[in-house]
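Chemist: Taken in sequence, the protein lines are chains A and B. With the numbering used here applied, the first sequence covers 120 to 277. With the numbering used here applied, the second sequence covers 1166 to 1587.
It should be emphasised that the hints constitute simulated quantities derived from the structure, not laboratory data. Each residue gets a CB set at the ideal place from its N, CA and C atoms; glycine is no exception. Do not take every clue at face value.
[Unchecked claim] Capping the alpha-carbon separation at 16 Å, the derived lysine to aspartate or glutamate pairs in EDC-like fashion look like this:
# : chain 1 : residue 1 : chain 2 : residue 2
1 : A       : Lys123    : B       : Asp1222
2 : A       : Lys123    : B       : Asp1533
3 : B       : Lys1203   : A       : Asp121
[Stated by the list, open to error] Between beta-carbon pairs, the in silico distance windows are:
# : chain 1 : residue 1 : chain 2 : residue 2 : range
4 : B       : Thr1412   : A       : Asp269    : 23 to 29 Å
5 : B       : Asp1397   : A       : Pro275    : 52 to 58 Å
6 : A       : Asp218    : B       : Val1335   : 52 to 58 Å
[What the hints assert, rightly or not] Partner residues aside, some chain A positions facing chain B, computed with beta carbon under 7 Å:
#  : residue
7  : Ser122
8  : Lys142
9  : Cys157
10 : Gly158
11 : Cys182
12 : Ala183
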Amino acid sequence: MDSKQLYQEVILDHNRKPRNYGKLDAATHSSEGLNPLCGDHIWLHLHVNDGTISGIAFEGQSCAICKASASMMTAAVKGKRVEDAEGLVGEFRSMVTGDLDVGAQPNHLGRLGVFAGVKDLPSRVKCAVLPWHTLHAALTSQQTTSTEGDQDPLAPGT
Amino acid sequence: MTVQALRQPPAGDATKPLDVERIRADFPILTNVRPHGKPLVFLDNAASSQMPQQVIDRLVRYQTHEHANIHRGVHYLSETATRAYEQARISVQRFLNAREDREIIFTTGTTEAINLVMHGYGRRFIGAGDEIIITYMEHHSNIVPWQMLCEEKGAVLKVAPIDDSGELIVEEYEKLFNARTKFAAVTHVSNALGTITPIKHLIDVAHSHGVPILVDGAQATPHLPVDVQALDCDFYCFSGHKVCGPTGSGALYGKAALLEKMQPFKGGGDMILSVTFEKTTYNTIPHKFEAGTPPIAPMIGLGAALDYLSAIGMDRIAAHEEALLAYATERMLEVGGVRIIGTARHKAAVLSFYVGEVHPHDVGTLLDEDGVAVRTGHHCAQPVMQRFRVPATARASFALYNTHAEVDALVAAVVKVRDMFA
Chain A
120 MDSKQLYQEV ILDHNRKPRN YGKLDAATHS SEGLNPLCGD HIWLHLHVND
170 GTISGIAFEG QSCAICKASA SMMTAAVKGK RVEDAEGLVG EFRSMVTGDL
220 DVGAQPNHLG RLGVFAGVKD LPSRVKCAVL PWHTLHAALT SQQTTSTEGD
270 QDPLAPGT
Chain B
1166 MTVQALRQPP AGDATKPLDV ERIRADFPIL TNVRPHGKPL VFLDNAASSQ
1216 MPQQVIDRLV RYQTHEHANI HRGVHYLSET ATRAYEQARI SVQRFLNARE
1266 DREIIFTTGT TEAINLVMHG YGRRFIGAGD EIIITYMEHH SNIVPWQMLC
1316 EEKGAVLKVA PIDDSGELIV EEYEKLFNAR TKFAAVTHVS NALGTITPIK
1366 HLIDVAHSHG VPILVDGAQA TPHLPVDVQA LDCDFYCFSG HKVCGPTGSG
1416 ALYGKAALLE KMQPFKGGGD MILSVTFEKT TYNTIPHKFE AGTPPIAPMI
1466 GLGAALDYLS AIGMDRIAAH EEALLAYATE RMLEVGGVRI IGTARHKAAV
1516 LSFYVGEVHP HDVGTLLDED GVAVRTGHHC AQPVMQRFRV PATARASFAL
1566 YNTHAEVDAL VAAVVKVRDM FA
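For reference, chain A alone in the conformation it holds in the complex (with noise of 0.2 Å):
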């Protein structure tokens, strides 16, 4: 799949119609996933009990593949244990920097493979990933994060 279809197909919806965008009444949890250099801004808002995420919602500014990616995520991990959200936070990173291939490899992504495209957009690799930096970061109690710097998915080193 090319960009323009990814756009086309996945990402023009959510970013006119994002799911679960806006705030969370006594989160349990919180995290705000920023990439100053691209600008890219969003938080992230969680319900959890017993150990399954009963609620969630995103919000802030950033181009369409982080809303995107952000809005697929809330749907998909809204329900799961937190063990099995972690578990895709590792495959969809897995996914966009070219480690994980969603044909040939077992996975639980499911719909979220559209995003394997990512991987031909090194530089945007970053949008795609903050929303699940931002979900990790607010499942262990991190105030902020990032997918720039020492903490870019593609940085040397990593």
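The hints should help you fit chain B onto chain A, whose structure is shown.
Modeler: Below, chain B without anything else, positioned relative to chain A:
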């Protein structure tokens, strides 16, 4: 292999417009590369421009027939290489109309040139409580070195503001000067906005207060004729890879009297006359500032690139690009929803824009699908982005080889992006 005669650049006739198709034929990359199967529309020239065959040939000839270390050996090749390297210095001198070739210091680019002045002049002559003036539209490379100096010395950085069109507010710049002002560093052309600053006036204001001034010419040299004697600036710097030369090349012009007062930037070979463990005597300018073996081939390529541009004529290049910018501005404004960031009266070939509310990175990715290369991001000018309250812009920037048809391709691709997000 025989030495091939170098292809001559198109002859410059100041009265005639550019023969752009003939110029394009000099740039092999423009036809060699078809991104995503589309013709390349290269509009990222402000980041780095492409190289004509004449410069590529010059690099090949150097590497195949002339290479050895310079200023060292008495043998044939060392002398050949030294001659070629010093000839390149003369090309730079002519391009900038400097009085003497020893006023040209080779650097790896504008960034190193500014750092050289910061270390060589700033660290020697600027102290606690002194003030340095820059403008709001500087590239990070003309902000950060001065911040580092201020932090080290306890000096103060003063920033002249810009207005909503991206023009420097000259009265505010003038008001910043006082008895504590010891240095000014300003851009000739803004890389993010395209604004051409009233540089001669800015230099005169600094001199009326007895303040030396550095001009960042990285974005001016590809587009405008520059005459450092007429400007009377104290320092002028630019990068080779933005004037159709190689990366790793560039130059600092400095008035001889100032360069002689400055301390060396780097210590090592070639910058000394004699070394004992008790005392080292520095070489004369320009060698005092060129320690170690320099990037010889890139500097020779830079000389060839400047000769290429000079043969065509910077006046004609400026006129061609001015027409392109005017056409692009008009066409882009016809596209509903497009907003141009940077609307100064005098602009060089830079068009920063927003398409509706679409993030510039999405614009850049989608334009690339149509073969159109633009820069997206903060353009190493975050204060400018903050001033206009945007995280980034998409930026099209033109060079001598760009055409009106390429502007049409840009506009068509932008219309597609707008419609896609509508």
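Chemist: Now, for every hint given, state plainly whether the structure supports it.
Modeler: Here is how each hint holds up against the structure:
no., hint, result
1, A:Lys123 x B:Asp1222, "violated (38 Å)"
2, A:Lys123 x B:Asp1533, "holds (10 Å)"
3, B:Lys1203 x A:Asp121, "holds (14 Å)"
4, B:Thr1412 x A:Asp269: 23 to 29 Å, "holds (26 Å)"
5, B:Asp1397 x A:Pro275: 52 to 58 Å, "violated (45 Å)"
6, A:Asp218 x B:Val1335: 52 to 58 Å, "holds (55 Å)"
7, Ser122, "holds (5 Å)"
8, Lys142, "violated (21 Å)"
9, Cys157, "holds (6 Å)"
10, Gly158, "holds (2 Å)"
11, Cys182, "holds (4 Å)"
12, Ala183, "holds (5 Å)"
Consistency with the previously given hints fails for numbers 1, 5, 8, ordered from lowest to highest.
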